[in-house]
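**Q** My request is simple: use the sequences and hints to build the entire structure.
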Amino acid sequence: MTTTPALPSLVLRGSSAIARFGDGLNYVQWEQGGRVTRIPLDAIEAVRSLDRSFEVVLTTAEADRPPAVYAVHDASAAAVTAFCAALEARLPETAAKGPRVDGEDLITEVPAGHPRRPSKRDLVVAVVAVFAMIDVAVAVLREPAWVIALPFFQLFACAGAFMALTLG
Numbered sequence: 001m002t003t004t005p006a007l008p009s010l011v012l013r014g015s016s017a018i019a020r021f022g023d024g025l026n027y028v029q030w031e032q033g034g035r036v037t038r039i040p041l042d043a044i045e046a047v048r049s050l051d052r053s054f055e056v057v058l059t060t061a062e063a064d065r066p067p068a069v070y071a072v073h074d075a076s077a078a079a080v081t082a083f084c085a086a087l088e089a090r091l092p093e094t095a096a097k098g099p100r101v102d103g104e105d106l107i108t109e110v111p112a113g114h115p116r117r118p119s120k121r122d123l124v125v126a127v128v129a130v131f132a133m134i135d136v137a138v139a140v141l142r143e144p145a146w147v148i149a150l151p152f153f154q155l156f157a158c159a160g161a162f163m164a165l166t167l168g
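Going by my numbering, the residue at position 69 of the sequence shown is 69; the numbering climbs one at a time, nothing skipped.
It is worth saying that the hints were derived from the structure and are not from the lab. Treat each hint with caution, since some may be false.
Unchecked claim - Cβ-Cβ distance ranges computed for the label pairs, FRET-style:
#1 Ser119 to Leu41: 36 to 44 Å
#2 Ala159 to Ala139: 19 to 27 Å
#3 Ser16 to Cys158: 18 to 26 Å
#4 Asp51 to Phe162: 50 to 58 Å
#5 Glu109 to Ser9: 53 to 61 Å
#6 Leu165 to Gly24: 43 to 51 Å
#7 Glu109 to Val136: 21 to 29 Å
#8 Leu141 to Ala164: 28 to 36 Å
Here the structure is a predicted model, which means the values were calculated and not measured. Note that CB positions come from ideal geometry on N, CA and C, so glycine has one too.
**A** Structural data, given as structure tokens:
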């Protein structure tokens, strides 16, 4: 008994966008500018490979309106050729009769994975801002002994927290 292996997922990486397509998928996943968009095969009018660029042209319902185009630039020429051939093989046949569907209405936006974790620099800036607000609040309340001593306590507390986190 022989089995044919499934085609691997194709990934086309360019300078500003990433396109993903694989066997069993009825859409092209487009990642650009922090957004992840799924373009169904029914929304695609044509695909074009232009040397190191790849374009997906969406269908339009109105003949006078230009179609939306998604493009990947500065990708590998071999990857563009393979991606274009795989996608063209899976595109549905377009019917000349009947109403046309607007491709932009069919695309969906997908949440882009895990939310961004704040960096250590952002955390340090937030802690310094909170301490500065506390110092200003104490200074406004005119507690002269605390205005001088409080920054030293904060500095020692930060040093202790750093040592506890670093040394475990």
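**Q** Does the structure break any of the earlier hints, and which numbers would those be?
**A** 3, 5 and 7
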